[in-house]
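Residue numbers (this note's numbering), protein chains in the order written: chain A, 6 to 300; chain B, 6 to 300; chain C, 6 to 300; chain D, 6 to 300; chain E, 6 to 300; chain F, 6 to 300.
Just so you know, these hints were derived from the structure itself, not from any lab. Fair warning: there could be bad hints in the mix.
Stated by the list, open to error - In silico DMTMM-like cross-links for lysine to aspartate or glutamate, where the CA-CA straight-line distance does not exceed 25 Å: (1) F:K265 <-> B:D82; (2) B:K40 <-> B:D284; (3) F:K272 <-> F:E207; (4) B:K255 <-> A:D99; (5) B:K164 <-> D:D99; (6) E:K46 <-> A:E227; (7) A:K40 <-> A:D58; (8) C:K255 <-> D:D99; (9) D:K49 <-> D:E207; (10) A:K49 <-> A:E9; (11) B:K164 <-> A:D99; (12) A:K255 <-> E:D58; (13) B:K255 <-> C:D167; (14) A:K164 <-> A:D117; (15) A:K46 <-> C:D229; (16) F:K255 <-> B:E216; (17) B:K40 <-> B:D58; (18) C:K255 <-> C:D239; (19) A:K265 <-> E:D58; (20) E:K164 <-> D:D212; (21) D:K46 <-> D:E11; (22) D:K164 <-> C:D167; (23) F:K46 <-> D:D229; (24) B:K40 <-> B:D263; (25) B:K40 <-> F:D99; (26) E:K40 <-> E:E279; (27) E:K255 <-> C:D284; (28) E:K255 <-> F:D99; (29) B:K46 <-> B:D263; (30) C:K272 <-> C:D284; (31) D:K49 <-> D:E279; (32) F:K265 <-> F:D284.
There are 6 protein chains.
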Amino acid sequence: MVLESEALISIFDNAVMLGDTVTESTRIFSHRPFKLDRLYKSLKVTRIDPGCDAQQMMRITLDVLDANRSWMLQADDCWLVHDISRGRSIAGADPTIQRSQATVMIFTQPLDLLSWARFYEVGCHAVTAMSRIIPPQSLDARIKNRSRMAYTLAEIEVKLVDPQAQGIILDVHGFVAENKGGNIFAITNGTLRTPRSTNCMEGVSRDTVLELAQQLAIPIAEADLLPYDLYTADELFFTSTPYCVMPATKFNGLPVGDGKIGPITRKLLAAWSELVGVDIAAQALNQLHRPTVDF
Amino acid sequence: MVLESEALISIFDNAVMLGDTVTESTRIFSHRPFKLDRLYKSLKVTRIDPGCDAQQMMRITLDVLDANRSWMLQADDCWLVHDISRGRSIAGADPTIQRSQATVMIFTQPLDLLSWARFYEVGCHAVTAMSRIIPPQSLDARIKNRSRMAYTLAEIEVKLVDPQAQGIILDVHGFVAENKGGNIFAITNGTLRTPRSTNCMEGVSRDTVLELAQQLAIPIAEADLLPYDLYTADELFFTSTPYCVMPATKFNGLPVGDGKIGPITRKLLAAWSELVGVDIAAQALNQLHRPTVDF
Amino acid sequence: MVLESEALISIFDNAVMLGDTVTESTRIFSHRPFKLDRLYKSLKVTRIDPGCDAQQMMRITLDVLDANRSWMLQADDCWLVHDISRGRSIAGADPTIQRSQATVMIFTQPLDLLSWARFYEVGCHAVTAMSRIIPPQSLDARIKNRSRMAYTLAEIEVKLVDPQAQGIILDVHGFVAENKGGNIFAITNGTLRTPRSTNCMEGVSRDTVLELAQQLAIPIAEADLLPYDLYTADELFFTSTPYCVMPATKFNGLPVGDGKIGPITRKLLAAWSELVGVDIAAQALNQLHRPTVDF
Amino acid sequence: MVLESEALISIFDNAVMLGDTVTESTRIFSHRPFKLDRLYKSLKVTRIDPGCDAQQMMRITLDVLDANRSWMLQADDCWLVHDISRGRSIAGADPTIQRSQATVMIFTQPLDLLSWARFYEVGCHAVTAMSRIIPPQSLDARIKNRSRMAYTLAEIEVKLVDPQAQGIILDVHGFVAENKGGNIFAITNGTLRTPRSTNCMEGVSRDTVLELAQQLAIPIAEADLLPYDLYTADELFFTSTPYCVMPATKFNGLPVGDGKIGPITRKLLAAWSELVGVDIAAQALNQLHRPTVDF
Amino acid sequence: MVLESEALISIFDNAVMLGDTVTESTRIFSHRPFKLDRLYKSLKVTRIDPGCDAQQMMRITLDVLDANRSWMLQADDCWLVHDISRGRSIAGADPTIQRSQATVMIFTQPLDLLSWARFYEVGCHAVTAMSRIIPPQSLDARIKNRSRMAYTLAEIEVKLVDPQAQGIILDVHGFVAENKGGNIFAITNGTLRTPRSTNCMEGVSRDTVLELAQQLAIPIAEADLLPYDLYTADELFFTSTPYCVMPATKFNGLPVGDGKIGPITRKLLAAWSELVGVDIAAQALNQLHRPTVDF
Amino acid sequence: MVLESEALISIFDNAVMLGDTVTESTRIFSHRPFKLDRLYKSLKVTRIDPGCDAQQMMRITLDVLDANRSWMLQADDCWLVHDISRGRSIAGADPTIQRSQATVMIFTQPLDLLSWARFYEVGCHAVTAMSRIIPPQSLDARIKNRSRMAYTLAEIEVKLVDPQAQGIILDVHGFVAENKGGNIFAITNGTLRTPRSTNCMEGVSRDTVLELAQQLAIPIAEADLLPYDLYTADELFFTSTPYCVMPATKFNGLPVGDGKIGPITRKLLAAWSELVGVDIAAQALNQLHRPTVDF
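Bound-form chain A, shown alone:
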C-alpha cells in the first residue's frame, strides 16, 4: 500500500512496453458490493496470471478501500480501479510469456465529475468519430484493456467538432459501437436500444441500465444502430462507470428530439439513484458548485 505519489512502476513493465494490462473500473456507491468476474474473464482470455484467485483479490481490494476510507468525503463516492499487467518485460525475451509476477495495481480515486456535471442539466453533444472501432477479430472490446490509443485518437477527432463533445465510434460497417469508455443508448417511440455486445465493451453500467429498464417495463432491444437511428431518436444517452447515465441532447450538431433531456432518461437516472441511495446528478452538480480541489 503506497501513496499515490509513490505508486510507480518500471518503464520496462509490460504495462508500458506493450499496453499489456487488463483493467476493471468500479464506482463504489456507499455500501454497494462489487464483483471481480469481468476482471477474471479478461485475465483468462489474455492468459495473464495475476498471482492470486478472485477471493484473495477481493480481500486485497477491500484492504485498499479501507486504507482510503479516511479521505473520502461523506457525500462523494469513489472510483476503484484494478490494473493488472503481464509483469516485467525482459529485453529479447518472448513477451507473450509471463516470466515475472504480474504487476497488480489497485487504486481508488475520488470521483471527479466536473467535466460531466453540467451535462446532467443540459445534456452533452454526441459526435461521431471519423475512425472506426477496432473490430473484434482484431481485439475483442470485452477484454477490458489498457491498449487504448485508438480510442484516444478517435476522441481527439470528435473534439475537432466541439471541444466538449462526447464521442461515438462506429464499427467498420458504420454501425454505432461505443464511446471511448462507455456505451450508447437511443430511445425511439418508447423503446430503449443499444448496440449488441459483439461490437462494444459490455459495460457494467450498460447492464445496470438494461436491468433498470426491465424493472420499469421499458421495452429494450440490442440492435444494429446507425447514425440515422441517433439523428431520429427521441432521447440519447451514454452510460459509463463514473457518471452512470449522461444525457446527450445534440448529435452531430442537430438537437436530439426537442433538444432537452427526455423523460425516459430521467426515469432511468432516478431509478439508478434510488438503487444506490445517492442522487447521482446532484452529487455531480454539487462538485461543480463547490470550490475546486486539485487532487
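Could you slot chains B, C, D, E and F onto chain A? The hints should help.
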C-alpha cells in the same frame, strides 16, 4: 538520467492508463547515425507534444547513449528505445488533452539475441495467427505505439502451434500483414516481395532490406501476399530492429523451399553485415555460445 | 444395389470433376424415421435433377437400408448417406447443364465412433482455424455439398495445434461459424447460444438440440459469437450427425469452465439418448472398449 | 492404364466425399513440353502426398500420352488432365489424414471446342454472376482444386441472362475476379489489363498471354478491374486451357467497343498460334464444320 | 398550384444538380389519413429546411389533394408524392448550405397499376441484381431520397434476365436488402421474414404488412436473409406503396414453392384490402381490362 | 437555346424523380478544345440514349458556347456543363426503360471562384468525413452522375469541423477516396501520390495533374492512401474542374508540412497556368478583389 532500476513512472501516467505512448526502436551499430523522423511523425499524428523538437531530442538521446557507453561490450551493439506518452492522466479529465508534460523515456539496452540466435543457422518456424491485424481505419500500424495487446494475443495463438514459432498476422481480408514487431518477406522465382505499407508497420529494417535488394539488383515488389504465397515461396524471412534479418525455413508446419536458409536471404544478411561493419549472425551466435549473463 | 467394393463411379462424373454433388447424412437410430426435405432443398438450389421425387427417393432409400440390415450389429446404429451429383461431365460441354442422369449414391455405413468416443468422458479440445469460412454470398453452407476442400484445409490447420483437436472455423468477420461437419454451442450463465444459420450449415443435430433445450426449458439464442464467448463460456459442445453431442472441455489451450463436461451438456445428451432410446455415449464408448474391427 | 469406360473410383474416395482433389489441365499442342510445377504447388499447400515426385509423375504422364497417341487425329490437339485426391475416405476417421495412397487420375481427352468455336468468329457474350467468388482467406483460387460447386452455381446464374453467356465472377468487393475456369482480360487505350492473381486462379494461359503481350510490346497491367472497366473497354477476352483466347464482343448486353473482335485480341491469338504451330481458331472452327462425333 | 405540364423547376435546382431531394410517397385510399413523420425525419437528417413545419405542410398537402379531387375516378385511388430539394444551386457556392428556399414539389397522380396488375393473378419473377445496395455507412436507405441511380442500374441488370422481372438487390455481404422501391418478404414454414431495417428502406407498406401479420397471428421475424432463403421459401412477395403486396412466384428462374401465389400472401392482401375498404387486386386488374388512357 | 431563367424541366423528369442523370463539367480556357469521351462512357454504362452521337453533341455544345460568348468577360473563363437524364418518368412505368427522349441540358456559367480564391494564397483546411464513399460495387464513381446526396451529406459532416473545410471522403476500408467533386493528391519526399481510380471519380483535372507531373519529372504513384499519409505529407492539394489545383495547408486541424503552400504544388499550378495561357490563381484572386456581381 537514472539507473534502470530507478526508471519508474506513475501508474497514473497515460502510458499505463491508456497505452497512449509512441515509440521508436533503433539498433545502434558501432558508428551508425540514426534518425528521429518516424518518431516525430508518430508524435504528430497522435498530437502528443514531446516538449522539445527533434534536434533537442537528438542531443538528449546522444547523452543517454554516452552515459551507457561504459557497459557496452566491444562486440555487442545496443538497442535504443524512445517511449513518449501523453503524460499524466488526471482523474475525470479529458484524456485527449495533454495537461502535463509528456513523459519522455529513453533507454538503451544490450541487445539480447539469445531467443533468435539459432535461427540464423536453421531458420525459424513461421506460423499464422487466428486473429487478424487491427485495420488501419481503426489504428494505423505506422503510428509506432505501445497499445499492443492485440499483437501479444496473436503471438500467444501462434505459440499454441509451436512455442518457438514466430507469428505472421493476416489482415481482415486474409492478406499477410506483419509480425508482432517485424515485417515479412517472401522470395519466389528470384523476386523479393513484402506486404504493402498500408497494412503493416513500415519498419526501418524493412526499408534497409528494400534498399539492399535494390543495390544487389534483386527485383522487389510491394504486394498483396496470401498464405499461399508463403507456402510456395522459395525463401522466407522476417526483418526487425534487433535481429535485422531472420530466416524462416518452415511455414505452418511445411518446409519453405528445401527447408534450408536460402541464397538470397544469405546475400541480404551479408550485405547488411557489410553495411554496418558487424557480422550480424556471428554476433548473435556468439551470445548463444558464451555464458549467459542475466541483465 | 452393389457391394461397397463395387460402388464405383466414373472419374468423369461431375462428382469428381467439379465437386458438384449435394449430400445428406442421417444417423439411423433403431426405429427413427428420417426426412429428405433438406436433400431436396439442396437439389433445388443447385438445380440438380435427381431423376425421381422425394417419395420415390424414400422408397429406394428404405430398400438400401433393408439390404444392409443383416450386417448391422444389435447395439450399433448406422449412418445413412445420400450423394447426388449432376451426372457425367462431358468434355467441352457446358458443365452447368445436366446432360445425363444424375448420379445417385446411397449408402449405409456402420457408425464408427472410435475417434470421438473418449470425448464423451473427457471432452475434446476445440481449436480455431486460421482460415475463414466460405461466406454465403460465395456458397451458402446450407447447401449441403461435397465441395469441401476449404473445410479440410481449415481442419488441417487446427491439427497443427493438437492432432486430436476439433476445429472451429470463424467467418470473415471473426464470428464463430461452424465445425468442418458440425455446429457449435456455448453455454454461459445457463443460456445456450449457437451461431445464426446464416453463417453455418443448419445441421439436423443442431435443430434437435434446440428442440430438446426448449423442452428442458433451457433458454436458447441464435447469436453472433466470438472467440471471447467461447473462452468465457461455462460449457461448450459440438453437434453433428455421427456423435450427436460432443463436449469440448478445452478451447485454444484453455479449460472451458472448470475443464469438465458441464451439467447442461450432460442433460442434453441424456435427453437425446432418451428420445432415440439409445445411450449415445455408452454406445460409442462400447466401440472404444471392444476389439477393433476393420471395415 | 484403363479405358475411359473403366476409369472408375470408389464413391468413398475423398474426391467424391470431400471434393478433396487437386488438378492441373494442360492443352498438348503438337510437340510442346509441359510442366507439373503448379500441380506440385497445389499438392504441397493441400498436403496431399501423391506417392511419387514430379519426375516420376512426368514419366507416368508421358506413358499415358503415348498410350493415347493412336486415337488422336492429326489436326487435333488433346487435353491432358491430372486429378489427385487424398485417397480413400474411411468412415469415422479424420479426413485430414491421408491414410491410404492418393488416388492419381491422369487422362487425355480430345479437345472438344464445339461450344466455343463460333466465338472465334463473332465473340461471346460475357455476363457477370450475382454470387461472388470465394475469397482467398477461405480458399485460395491458386490451389487448382475440384471443389468447384460455387463456380458451377455462378455459371448457372449467368446462363439466366443468356444460355450462351460466358460468366464473369466478381470478388466480394465487386472487382472482376475470374471465369469459372478461365481468366479475363480487358484492353483500353492499347493497354492490356487483367485482375491481380490474388483474386483469381493464375492460369497458365494467362501467363502465356502476358508473355506474348510483352513480346509484342503491348503495355500490360495487373489491376483492380470493375464492371465499369469492362463496359468501357475497347476489347475483352477470356483465356483458358482449352480455347486459349476467346474474344468477348458483348458485356452484360452491351457491345464491347464496336461489337467486333478487336485488333489486339487478334494479334495475341495469332502470336499464340505461331508459338504452338497450330492455327488455334481454325482448328476449332474446323470441328464446328465437320460432322459431329460423339465421344 | 399548377398544372402537371407547368410543374417545372430550374435545371439549376439542387434536385437536378445533386439529386439532393428527400421524398415521401403515399397511396391515398378512399378516406385514409396519412402521416408526414418520415418525410420530416428525412428532412432532419439531410438538414434541408422545407420552410414550413409538419402542420403547415399537411395543410398545403390537403389543398393539393382537394384541387385534384375532380379528376379522380370513383374506383381509383391516387398516389401522393412530396419531393423537397435543398433549393437553388448557386454556381461556385457551397452546395451544402441552403441559400435559397427549399423547392417543395407536391403532386398527386392517378395510380397506374398496369405494369403490375397481372402479377396479382400469376405472381411476378423476382431476380437478384449483380450490383450491391449502397451500404448505410455511405447513405442510409431510410433517408428517402431521389439520388437513386444505383437502384435504376441494378434494376436494369435484373431486366437482362427477364424484362418483366422485379429486382432484388443484395447488400455487400450478400444478404437480401430491398427492391428498387419496395421491400421483400419470404414465408417459410408459416413464418413471415423480411430483412432488417438496417439494410433496407423502412417502407410504410412494410410496416403495414408487419402489423397485419401480427393481427393475423402470423409469426414474423426481421432477419438476415440470403438467396438460399428465397429459393427455399414457400411464398415470396414484395411490398411497395403503389401495389401494396405483389406476389412473386418465380425466383431466379425457379418456382417459389409450388409456383402459385400462396395462402399467407393472399391472406395478407385480403386483410389489407379490408383495412382500406378497397379490393386492391381487383382495382389493379380492373385497370388492366379497361381501355388504356394515356395520362 | 433559352435564358437561364427559362431553363426549366418537368418535376416528372427522371433527373428529378431518380437522380438519373449523367453529367460532365469542363472548364473552358480561352482557346482550349474539350472532349466528350467521358460523357459518352457514362451514357453507355447507364444505358441512357442521348438521342445524338458525340459529333452532333459537340456541334450543339459549340453553339451553346457561341451564344454565351457575349457575356463572358475578357479575363474570365467559363464553366461548361452537360446534364443528360433518361427523360420523362411515367407514372407506373418501368423507370429503367427510356420511353421518351433524353433530357439534354447544356449550359455555361461564369466561373465563380470566390469561395476558393483565398485558398490559392493560404491553402484550405482538408477534413475527413465520418461517412464513407459509396463503394464501386454499388455505384462506380467513374459514372459521373447527379445522384450525389451521399456527397452532400459527407460534406455537411466536414463543415461541422470548420465551415470553410474541404472534405475528404474515405472508402469503406478507410482509404482516402475523393472530395465531393474533386480528387486528392499528397506529396511525400518528392513523390506525388493520389488514390487509385477504382475508388474515386477519374477527374479530368486529375489526369491533367498526372500529365504535368510526368512532364516535370515528378515521380507519381496511384496508391492506397490513409489519413496517416495525409497527416505526414509534405504537401496536399485538391484538383477539380473549377479551381484546377487547390492547395490544402491544414488537415484535420494539423498543419500540412510547414503549414504553407509547398513548392511542388506551386510548380504544378504554374505549369497548368502556362498550359492554358491563364494565370489560374491570379484570375481567381482577381474575382476576390473586384466588386461582387450577383449572377
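These are the hints, each one checked on the structure:
no.: 1; hint: F:K265 <-> B:D82; in the structure: 41 Å, violated
no.: 2; hint: B:K40 <-> B:D284; in the structure: 22 Å, holds
no.: 3; hint: F:K272 <-> F:E207; in the structure: 22 Å, holds
no.: 4; hint: B:K255 <-> A:D99; in the structure: 19 Å, holds
no.: 5; hint: B:K164 <-> D:D99; in the structure: 24 Å, holds
no.: 6; hint: E:K46 <-> A:E227; in the structure: 22 Å, holds
no.: 7; hint: A:K40 <-> A:D58; in the structure: 13 Å, holds
no.: 8; hint: C:K255 <-> D:D99; in the structure: 19 Å, holds
no.: 9; hint: D:K49 <-> D:E207; in the structure: 16 Å, holds
no.: 10; hint: A:K49 <-> A:E9; in the structure: 28 Å, violated
no.: 11; hint: B:K164 <-> A:D99; in the structure: 10 Å, holds
no.: 12; hint: A:K255 <-> E:D58; in the structure: 20 Å, holds
no.: 13; hint: B:K255 <-> C:D167; in the structure: 18 Å, holds
no.: 14; hint: A:K164 <-> A:D117; in the structure: 20 Å, holds
no.: 15; hint: A:K46 <-> C:D229; in the structure: 19 Å, holds
no.: 16; hint: F:K255 <-> B:E216; in the structure: 32 Å, violated
no.: 17; hint: B:K40 <-> B:D58; in the structure: 13 Å, holds
no.: 18; hint: C:K255 <-> C:D239; in the structure: 11 Å, holds
no.: 19; hint: A:K265 <-> E:D58; in the structure: 19 Å, holds
no.: 20; hint: E:K164 <-> D:D212; in the structure: 36 Å, violated
no.: 21; hint: D:K46 <-> D:E11; in the structure: 29 Å, violated
no.: 22; hint: D:K164 <-> C:D167; in the structure: 45 Å, violated
no.: 23; hint: F:K46 <-> D:D229; in the structure: 19 Å, holds
no.: 24; hint: B:K40 <-> B:D263; in the structure: 39 Å, violated
no.: 25; hint: B:K40 <-> F:D99; in the structure: 65 Å, violated
no.: 26; hint: E:K40 <-> E:E279; in the structure: 20 Å, holds
no.: 27; hint: E:K255 <-> C:D284; in the structure: 46 Å, violated
no.: 28; hint: E:K255 <-> F:D99; in the structure: 19 Å, holds
no.: 29; hint: B:K46 <-> B:D263; in the structure: 41 Å, violated
no.: 30; hint: C:K272 <-> C:D284; in the structure: 12 Å, holds
no.: 31; hint: D:K49 <-> D:E279; in the structure: 34 Å, violated
no.: 32; hint: F:K265 <-> F:D284; in the structure: 20 Å, holds
Comparing the model with each earlier hint shows violations of hints 1, 10, 16, 20, 21, 22, 24, 25, 27, 29, 31; every other hint is respected.
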